[in-house]
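Engineer: Now for the letters of each chain:
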Amino acid sequence: MVEVKATKATHDTTTVLSWYRRMYEIRAFEEHIQKLFSKGEVRGTTHLATGQEAVAIGTAEALRPGDKVLCTYRGHHHCLARGMSPERAFAEILGRATGVCGGKGGSMHLTDVTKGLYGSYAIVGAHLPIAVGMAWASKIRNEQDVTVVFFGDGTTTIGAFHEAVNMAAVWSLPVLFICENNRYSEYTPIDKVCPVPRAAADRAPAYGLDGIVVDGNDIVAVRDAVAAAADRARSGGGPAIIEAETYRHGGHSRADPAKYRPQEEVDAWLARDPLAAAERTLLAAGVDTAAARAEVDASLNAAVRAALAAPEPDLAAMYTDVFAPEGAR
Amino acid sequence: MTTINYRQAITEGIARAMRRDERVVFLGEDVGEAGGAFKSTVGLIEEFGPGRVWDTPISEQAIIGAAMGAAMNGLRPIAEIMFSDFLSVCWDGIANEIAKARYMTGGQLEVPLVIRTHNGAGMGFGAQHSQSLENMAMMVPGLKVVAPSNPADLVGLLASAVDDPDPVLFFEHKNLFNDKGEVPDGDHCVPLGRAAIVRPGTDVTIVSLAAMVPVALEAAEALGGQGVSCEVLDLRCLAPLDLDAIVASVEKTSRLVVVEENPRACGWGAEIASLVVEHAFWSLDGPIMRITGAPVPVPFAANLEAAAIPSAAGVVEQMTAALASA
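From first to last, the protein sequence lines stand for chains A and B. Residue 1 is where the first sequence starts when you use our numbering, and the numbers rise one by one after that. Residue 1001 is where the second sequence starts when you use our numbering, and the numbers rise one by one after that.
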């Protein structure tokens, strides 16, 4: 087991403010979605990532433009961190023609290949073998790109996790398995369904890998852990399993009030909110965060308005993209 | 023109695809060093090396996922699933991920891959290694479904499948392995979605697929001796389906028999019967006949297995009885 701690290096306030701003954008985005859902504007379901912003931004800070990212149905934060347009993300979640997937994907399938986002997958664990294939192609072509695949602690109990990690290890592929351990496998505490304390990292030695554990609410620690693993993978060192310990501030999905969680646990994790921590750091350095919040709020408000005003998909879109357009190669 | 058997055509088809396009890579269990569980991939790793022919762990989910990811990242993978029965182990990858990726992302993701698998009964492998499952793939929007009946079609259809921008499930029938046929040299290509009239006739249309094509041909020959002229259609593909060819043949013969190996319920023959009723009802001179596998798991004992799947003698008997009562 390797525990990665944050570097002691102090970061200048401009950098910390930039991280704060990016984490705040995710937080505010998720709050908009919750409100839109409550008002009946969002159909189906949503899985918010409030509280997990540091994993997304820390990872994004460690990656290069050519790197590939695959997320789960709880993936809004990863997509925004990687540069997805909030307006097009809102539009997709609202089922509008201007959405990133033209309204055919929804909250659980946000995708933007131009930003290196190769899909959000709504079947638990399904995307881990796909990430292995992405990395396999990079290896075959001798490219330096790494593929990052995010998943939750609950994913470690499904077969695809083990098949994917095994194949990545025996083929020494440049893929980073990043487990966001938010303590809950949907509604069930992970320790009730997983026999080891660190759901992902403790399994790593079975595949000849070091289990890397990092404080998922510490953006610097996440960035450093991912950067080190990515460097190693780029130079042929093979895959890594990184377990980022974090917390889902809300419930699993939709209006889940998450009453199954002990209040003292919730309080302890809320006290470690990565966004509040960054704000404390900035305030201690004499930097006011209000202006950054106001800018993000104005921008997201405009994005929501634009998305709500956007048209529904044309009915003809129903029959496109089942197969390639005639003649495509 | 080379004469080879169906098993050799598998190797030849993969080799031609790999020679033609360097993006083609091949993965599966025992496909490299061992030359394939059915010796249908002998020599590929020697010609193309371990950088393009990859032996995998016994991990069907990982094989399918890796093929999908590689296809999304610019390669043209051919993945082998040793027995089609094992598709059920990786059905999530096939039906939920591969088939839906293009659609759910509004066309951003493409999954140009071929999943090859050994299909069908007749070799005494028992219920978990003998199923005919093309119909399961046919019902999933986003998948193309191919099942060749002879070496030339196998090589030609595989060329089209590898070249296709969409995912293709390619069913090779185990009971055809030793069937020989001439395969054209060069860039022999059979387009997806075009049925072949393998025997012209005027009295009745028999639609068949894969190992049921030789069964239908043998039955047609016997019925010809009784003065019944059968037109035999080899569908080659279930998706895209050549409805035009089926309708044109029924309009000519006015009678339709479908011969399929899979169990009767929801078999592809039911879909074709339904389509013909919609599109050529007024051409029909009698009820459509469906000859199918029995609604049982494929049994092991030789006599039971033979009785559970359509045979030429059985087709002749059922068609003769139907024509007599018509």
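Everything labelled a hint here was simulated from the structure, so no lab data went into it. Among the hints, erroneous ones may be present.
As the list claims (entries may be wrong) - Computed Cβ-Cβ distance ranges for the label pairs, DEER-style:
#, chain 1, residue 1, chain 2, residue 2, range
1, B, Asn-1178, A, Glu-312, 51 to 59 angstroms
2, B, Asp-1030, A, Thr-188, 37 to 45 angstroms
3, B, Ala-1322, A, Thr-320, 52 to 60 angstroms
4, A, Glu-41, B, Glu-1022, 35 to 43 angstroms
5, B, Arg-1019, A, Asn-142, 46 to 54 angstroms
6, A, Leu-315, B, Asp-1030, 47 to 55 angstroms
Treat the numbers as computed from the prediction; the structure is a model and nothing was measured. The beta carbon of each residue, even a glycine, is placed where N, CA and C say it ideally should be.
Engineer: Does each hint fit the structure? Answer for all of them.
Structural biologist: Hints, verified against the model:
A beta carbon spacing of about 57 angstroms between Asn-1178/B and Glu-312/A agrees with the range 51 to 59 angstroms that was offered as a hint. For Asp-1030/B paired with Thr-188/A, a C-beta distance near 39 angstroms keeps the hint of 37 to 45 angstroms intact. Judged by the Cβ atoms, the range 52 to 60 angstroms given for Ala-1322/B and Thr-320/A is violated: they are separated by roughly 43 angstroms. Here the CB-CB span from Glu-41/A to Glu-1022/B is close to 49 angstroms, at odds with the stated 35 to 43 angstroms.
The hinted range of 46 to 54 angstroms is not satisfied by Arg-1019/B and Asn-142/A, whose Cβ atoms lie roughly 21 angstroms apart. Between Leu-315/A and Asp-1030/B, the C-beta spacing of about 48 angstroms keeps the proposed range 47 to 55 angstroms intact.
Violated hints, listed in ascending order, are 3, 4, 5; each of the other numbered hints is respected by the structure.
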